[in-house]
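Participant: Residue strings, one per chain:
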Amino acid sequence: MIDNLNKKEDERRVILEVTDVIKQYRQYDAVVTAVNRASFKIYEGEFVAIIGSSGSGKSTLLHICAGLDKPNAGEIAIRGQKITDMSPDELARFRGNFVGMVFQTHNLIPQFTALENILIPTTMCNKPEYKYEENLKKLVATLNIGERLHHLPSELSGGQQQRVAIARALINLPLLVFADEPTGNLDRKNADEVLELLLETKRVIGQTLVMVTHDLSIARRADRILKMDNGVLSPMMPSDLAKWGS
Amino acid sequence: MDKLKDYLSINFKRAFKSVRFNYRQYLCFFAAVFVVQMFFWTLTFSTDTDKDNIRRVAEDNYEHHIIIRYMNGQQYTILNNEVYYSQFESQRAYDSVEFEVYNDMIGRTTYTAYVTLADIKSAGQAFEKDFIRPMRVNANEFDVTYTPLYDYEYGSGLTRESTTQYWLLMALMTVLSILLLMALYNIRINHYKFLYGVYMTCGADFRKLFNTAVWELLMISLMTFLPSMIVSILSMVFVYRSVGVAFHFVLSAVLKVALFNLIAVIFSVWLPMKWMAHKAPMSLIVAQDNSNLVTSPRRSFRILGRKMPLHYESFSTWRFRVYFVKLIATATAFSALFLCGLYIRQMVMTNLATPIEEFQLSAAEDIDDGTVEMIMAVDGVRYCWWENTMMASLNSDHILLTAAQGSSAAGYTVPSEENAAYPIATNQYQYTALDKPLLDMIVQNDLYEIEGDPYSVLTQKNTVLISDSIANTKMFDFKPGDKIILASFAYRNGKIDGKQLNAQELLRQQIMQFGFEYTEYTIGAVIHNSEAGAFLTFGIPNDTYETLADTKAIRQNVSVFVEPDATTEEMSEANEEIRSLMSFHSGYKVKQMGGHLERTLLYMQNLPTRVMILAVLILIICPLVWFFSQTLFYAKRRPEMDVLRSFGTTERELQGVHRVSGAYMAVISIFISLILAYSASGLVFLFCNRLMSSLGIGAGTRYEFYISVPALISCIVISMACGYLSSTIPFLFYRARLRREQRTGVIERTDIQ
Numbered sequence: 001m002i003d004n005l006n007k008k009e010d011e012r013r014v015i016l017e018v019t020d021v022i023k024q025y026r027q028y029d030a031v032v033t034a035v036n037r038a039s040f041k042i043y044e045g046e047f048v049a050i051i052g053s054s055g056s057g058k059s060t061l062l063h064i065c066a067g068l069d070k071p072n073a074g075e076i077a078i079r080g081q082k083i084t085d086m087s088p089d090e091l092a093r094f095r096g097n098f099v100g101m102v103f104q105t106h107n108l109i110p111q112f113t114a115l116e117n118i119l120i121p122t123t124m125c126n127k128p129e130y131k132y133e134e135n136l137k138k139l140v141a142t143l144n145i146g147e148r149l150h151h152l153p154s155e156l157s158g159g160q161q162q163r164v165a166i167a168r169a170l171i172n173l174p175l176l177v178f179a180d181e182p183t184g185n186l187d188r189k190n191a192d193e194v195l196e197l198l199l200e201t202k203r204v205i206g207q208t209l210v211m212v213t214h215d216l217s218i219a220r221r222a223d224r225i226l227k228m229d230n231g232v233l234s235p236m237m238p239s240d241l242a243k244w245g246s
Numbered sequence: 001m002d003k004l005k006d007y008l009s010i011n012f013k014r015a016f017k018s019v020r021f022n023y024r025q026y027l028c029f030f031a032a033v034f035v036v037q038m039f040f041w042t043l044t045f046s047t048d049t050d051k052d053n054i055r056r057v058a059e060d061n062y063e064h065h066i067i068i069r070y071m072n073g074q075q076y077t078i079l080n081n082e083v084y085y086s087q088f089e090s091q092r093a094y095d096s097v098e099f100e101v102y103n104d105m106i107g108r109t110t111y112t113a114y115v116t117l118a119d120i121k122s123a124g125q126a127f128e129k130d131f132i133r134p135m136r137v138n139a140n141e142f143d144v145t146y147t148p149l150y151d152y153e154y155g156s157g158l159t160r161e162s163t164t165q166y167w168l169l170m171a172l173m174t175v176l177s178i179l180l181l182m183a184l185y186n187i188r189i190n191h192y193k194f195l196y197g198v199y200m201t202c203g204a205d206f207r208k209l210f211n212t213a214v215w216e217l218l219m220i221s222l223m224t225f226l227p228s229m230i231v232s233i234l235s236m237v238f239v240y241r242s243v244g245v246a247f248h249f250v251l252s253a254v255l256k257v258a259l260f261n262l263i264a265v266i267f268s269v270w271l272p273m274k275w276m277a278h279k280a281p282m283s284l285i286v287a288q289d290n291s292n293l294v295t296s297p298r299r300s301f302r303i304l305g306r307k308m309p310l311h312y313e314s315f316s317t318w319r320f321r322v323y324f325v326k327l328i329a330t331a332t333a334f335s336a337l338f339l340c341g342l343y344i345r346q347m348v349m350t351n352l353a354t355p356i357e358e359f360q361l362s363a364a365e366d367i368d369d370g371t372v373e374m375i376m377a378v379d380g381v382r383y384c385w386w387e388n389t390m391m392a393s394l395n396s397d398h399i400l401l402t403a404a405q406g407s408s409a410a411g412y413t414v415p416s417e418e419n420a421a422y423p424i425a426t427n428q429y430q431y432t433a434l435d436k437p438l439l440d441m442i443v444q445n446d447l448y449e450i451e452g453d454p455y456s457v458l459t460q461k462n463t464v465l466i467s468d469s470i471a472n473t474k475m476f477d478f479k480p481g482d483k484i485i486l487a488s489f490a491y492r493n494g495k496i497d498g499k500q501l502n503a504q505e506l507l508r509q510q511i512m513q514f515g516f517e518y519t520e521y522t523i524g525a526v527i528h529n530s531e532a533g534a535f536l537t538f539g540i541p542n543d544t545y546e547t548l549a550d551t552k553a554i555r556q557n558v559s560v561f562v563e564p565d566a567t568t569e570e571m572s573e574a575n576e577e578i579r580s581l582m583s584f585h586s587g588y589k590v591k592q593m594g595g596h597l598e599r600t601l602l603y604m605q606n607l608p609t610r611v612m613i614l615a616v617l618i619l620i621i622c623p624l625v626w627f628f629s630q631t632l633f634y635a636k637r638r639p640e641m642d643v644l645r646s647f648g649t650t651e652r653e654l655q656g657v658h659r660v661s662g663a664y665m666a667v668i669s670i671f672i673s674l675i676l677a678y679s680a681s682g683l684v685f686l687f688c689n690r691l692m693s694s695l696g697i698g699a700g701t702r703y704e705f706y707i708s709v710p711a712l713i714s715c716i717v718i719s720m721a722c723g724y725l726s727s728t729i730p731f732l733f734y735r736a737r738l739r740r741e742q743r744t745g746v747i748e749r750t751d752i753q
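Residue numbers (our numbering), protein chains in the order written: chain A, 1 to 246; chain B, 1 to 753.
There is no bait here: all hints are sound.
Just some of the chain B residues that point at chain A, by a computed CB distance under 8 Å:
#1 D289
#2 R298
#3 Y312
#4 T650
#5 Q742
In case anyone wonders, no lab produced these hints; they're calculated from the structure. Treat the numbers as computed from the prediction; the structure is a model and nothing was measured. C-beta: ideal position from N, C-alpha, C; glycine also.
Starting from the given sequences, assemble the full structure and let the hints guide the process.
Facilitator: This is the structure in structure tokens:
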């Protein structure tokens, strides 16, 4: 049975492969291990949730996977390309082409309008084969931000800012979207809406979604859940979720 | 007392901790406070040294307080008797009175008394009352001179001038210092709004915010006090040593500088903090990033298809335009002030190079040509000057001009229908008698910039030498060969009430009510740079003058101008020689004006170097403002750079973002520098050349508009370099941080709180 399952998984294409990743920080005289020998694979089209308590290292792991941070040891490959071996600039371009990032705080650029913020990634990673206008229209319609496109971030609500941040992460049609607690700063209603939108865009565009969250209702909707505990990553069955939450 | 001690101790300790912990934030304030203190030290030290110079010069060159010249025998007897009778009084006004007898060439005897007063503070007036006043019963006019020694000891004359000048300049410097510190504090507040918003949310009111800021700045002031004093002393020693004068230190300077420093600190913080305390905390908290510096667009750019970094940063620059323009204007304003400093330095040098009016000759009748020629030949004498003038309005006369001649003098003319070809009338001129010796004096000494032949006034009938400026500004457009009409009063048709009318209204009434005799005059020559004054010169031969002014053109008073670089010994010899030459004639008198002494003291002040030092100090502020503001601005843009990086921007492109921004800053700063430099120098020109002359201050000096081209280019280059480097250097720090992060694996905080 397990052999069959493994065979079935291997038939799917691996989009992210993390092998023995270690990340340590030096804090004064002590060394803190944020990520301790994490290894896992994520397949195309999956929605994987990484849960864990605050300070467990889940955001650090996500940043390392997205190429925003460097591990002390271990390897990370996206579509078979080892991003840990890339130079900073190669990695930057790679991120621009294949990775989308949604931060917990929206990190919109204050001097640009919502529309401009969404389109900023196209200025550096223009993929000529894509029709951005169509994608933009689709994102704007799906995320329901059409009326706020010409407003500055400071003129938008928290939910609207996060939607713009999602649109910005998806405008380049990335294969892999990393979301670092995208609903962390939102109320329940807005959080549900944002999640629905992420799942909707994932379905429409066909991306892989890796999300860090400590919201169990969101984690429940994931295809797979990975649990982070003091830097140690382990798979989690949905049945364990209730127990963990309690 | 203990309470005060505790209060000071607690606040200074707290401020010290804050400044030490945030020393990077305060680096700019350290530099600015240092500059401010340098202003104060420089002015205070130089005033103290100048006063000491006045003392030394007065004591070295003068033994007496009062000199009374040209007393006749009767006056001498009165004074001598007064002195004799009071010599045994215990509290007499004088210490000593020495007499000298002069027998001039025509056998007339005059007496001179040299008086040394007992107690300068009280005896001056007593001597005037008891000794000088009794002599005035005699009709003969004697001459009383209070020497610079009297002025110095009494605290009047140059000493008082120096003290007044000091307080005025200190007030001006305090205002400038407040503006500088306020500009920096505003920059700080603008970038740290978030932090202040958090403080205010936690209950900090104006008093708390103000106190914290003032104590921090006072702490900084305390730390820079001694270094700035040492640097100032060294620079002052250099300034004075270069003109052979000893630097003089007075302990009270420390108190004065501390006081002005305190005033500057309190006022520079008060206004920005007051402004901020009125803001709602939330409006400050939302400014965690640079969103408060963005000018609202209401319209998006067409970003699709645009490239990094040129388009990206061009759009950003446009959105931050108000912030950038304010920053550039603030920073370049100080370079414009530097140029103003150089302009003032130029004015000082112009003044130092101007011949000095040192002697005034007077006579009951005409001073003859021979005497003037002999005085001209005395060593150190540059030229002699005399004039016979009369305002045309006193005669109810006026001149008629063509439209082209008077079109830019609206404030000094009225329309006239007396002659269709000459529709403009003015009476803002004065008749000036000219003769050959005077014209020779003007021409040979190159006293004016003259277009045309000035001697034509003497050789051709109805020809005039006319000036074109009023209050140091060209108002009329005259050319040699032009015609003007002189309207001289002939008769009265009606009555006018001149008491209620201004000059123009009076002329309008005169034209309506009076009859005139019209004479066409040809302009023989035009003076383009006449001294300040409210009237044009209407130069005509002596005989014409006597007809028009109805008074004799005589040389009753002659001013003797000496070389600007004449030595004290030369002046002493010239004094003796001129007095000897004048003694050939009955009733000829000489008065020494003391201009040369003032000039000597001015040389000893080495003002050009001092002004230069202050100007350079002001210029130092320019990069301070640039780098302080831009460092904070780019610190807040670090998250933006991180975001760009996370979306695929390469390091090279990020560098490009900074470079493009720097290029924009550099280009914009050229235009703003030029605008501010010319505006500021223009204001100085208008103030010194026009406003002051129209108020009658420094009316004799006419300054040209001046901008030092090398200095202007230097300012522009400095502004461009600051603009570019203040945008690109933050990238070096950002890149270093990236490198550190890559090396150590530690993500560093990107905020500036």
